[in-house]
Amino acid sequence: MNMFLHELKAYRKSTIIWTCSLIALVVIFLSMFPAFSKEATAFKEIMKGFPEPVRKALGLSVDSMSSILGFYSYMFLYTTLCGAIQAMNLGTSIISKEVRGKTADFLLTRPVTRGAVMTSKLMAALTCLVITNVIYLASSSIMASFVATEKYSYKLFFMISITLFFVQLMFFSLGIIISVLVPKIKSVLPISLGTVFAFFIIGMFVATTGDDAMRYITPFKYFDTNYILKNSSYEISFIITEIGFIITTITASYFVYYKKDVHFA
Amino acid sequence: MNVIEIKNLTKSYGKARGITDVSFNVEKGEIFGFIGPNGAGKSTTIRTILSLIYPTSGSATIFGKDCIEFGPDIRKEIGYLPSEIFYYDNMKVIDLLKYSASFYKKDCSKRITELAQIMDLDLNKKIDDLSFGNKKKVGIVQGLLHSPKLIILDEPTSGLDPLMQQKFFELLEEENKKGATILLSSHILSEVQRLCTRVAIIKEGKIIKLDKISTLQENNHKKFKIEMKLKIDENYFNFSGVTNLEIKGNIINFLFSGNINFIMKKISEIEIENLWIEEPDLEEIFMHYYEKED
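Protein sequence lines correspond, in order, to chains D and R. Using our numbering, read the first sequence as starting at 1 and increasing by one per residue. Using our numbering, read the second sequence as starting at 1 and increasing by one per residue.
Hints in this document: simulated from the structure, not taken from any laboratory. Check before you lean on any hint, since a few could be wrong.
As the list claims (entries may be wrong) - Label-pair ranges, simulated between beta-carbon atoms:
(1) D:K13 x R:T215: 41 to 49 Å
(2) R:S131 x D:I239: 48 to 56 Å
(3) R:S109 x D:S14: 26 to 34 Å
(4) D:T251 x R:D73: 47 to 55 Å
Stated by the list, open to error - Pulled from the structure, derived: some chain R residues nowhere near chain D, Cβ distances all over 12 Å:
(5) K7
(6) G64
(7) I78
(8) F86
(9) N90
(10) K98
(11) A116
(12) D129
(13) K167
(14) N176
(15) R194
(16) S240
Ideal Cβ placement from N, Cα and C applies to all residues, glycine included.
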């Protein structure tokens, strides 16, 4: 418990900053909705002027944009981008920061197993992600109800919003496995930003091809908002893949961390 | 009873440095010195018995328990001061010490204030703002606050001023009197000489000598300094048992180990102006072991 609380405290500041950024993002985007929906037909004309691949890459869907959920799911792509960076940062830093700060020696000479160290860190980071998501969900719900011009399904709104957490989990576990495999990470940000943007750009390409198999490559395409809006459900094969991916990476991370030599920084 | 037993411990890092076949025991209640130059394998050995790194072969036990299998259990009674000091960002000294104490199931707050007072450490400063020497003090307090039965120190005094070193040594001696066993790794020989009863010398990953300090100092070597009346043959003293032979004009310096009568007869055969015979300090013995191995 002491390690969990210590870790939680360590991530407090960054969690607050990331949560605020996400809130700012959703507030700014959604506040544009009233103006947008008023001029919906004009915007549709403009958008039709864009070549189709560009529209697909940007996630613009002409027909649904005038509804609050359609508009929200368009902006949500950027929310997940932001959230993915937060999760990847967390995942990559929880182990590597001990190496950088030379605190691994301190922590691992205490009477605790490495498994316990890892678990406390995982739980603390997960708690931060959950807190971020809860606050994000609350503030985006309030904002959406403010700007909505007509009735909308809160269930669908919730289903879309919560995929932020699912995407974050994937980047989080990816970050962890990287942080135990790479002997010394000098700086977390280049790694997390690089990885997240690489997957984001892959996601844009995948969108233009429309190839379903390709969607398995990038976490950004696991939860297709159009599919959720149409079917009120997630695609089960992607859920299974995600769970499989998370279990594999986390188990592997525990294993590697147990066997790892902890050297001088 | 042995507190630490190291058996044929080997750790190889591919081609790079490591340790080969290191074996030694540290007995309960002793202060054991572990000396060797930088990169000889002192830290590697210590990190292996703390299971921070895993041995390629061989094993080590602490308190009679395997140091990997029972690692967490053993570490309850170990205080460790690493050679490089860690810090958590933005943490106050007292917060770090409290965090450290929270791992042990005892109340350490009194001991923390006591130790901080002895080491003259300001508990309310941020660790980031401390000088190297003061960070070292944090490390010392952290290593001792739970009154461990085994204290492992990896080059503990670097960065401490002489006064603090003195206080620190007194602190260690006090802990030792209370029953703590101490493993002290160092390349500063005077501090090993000052504190330790036995010493192991490590070089290029191998233990090359293990003995009582007193034996190392007294029985084996004498330091000779002879002032000659006349110049003699350079090789007059060049026989087995003599090392570190140095001739500077009329002055001859060397270390001798072996039958003292033999060397006295040798000296009596020549005309001398003056003669000094001294106990060599550890440094000289130590250099001697090193040079011999080259």
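- Looking back at the hints listed earlier, which ones does the structure fail to meet? Checked against the structure, the hints that fail are numbers 1, 4, 7, 8, 9 and 10, while the rest are satisfied.
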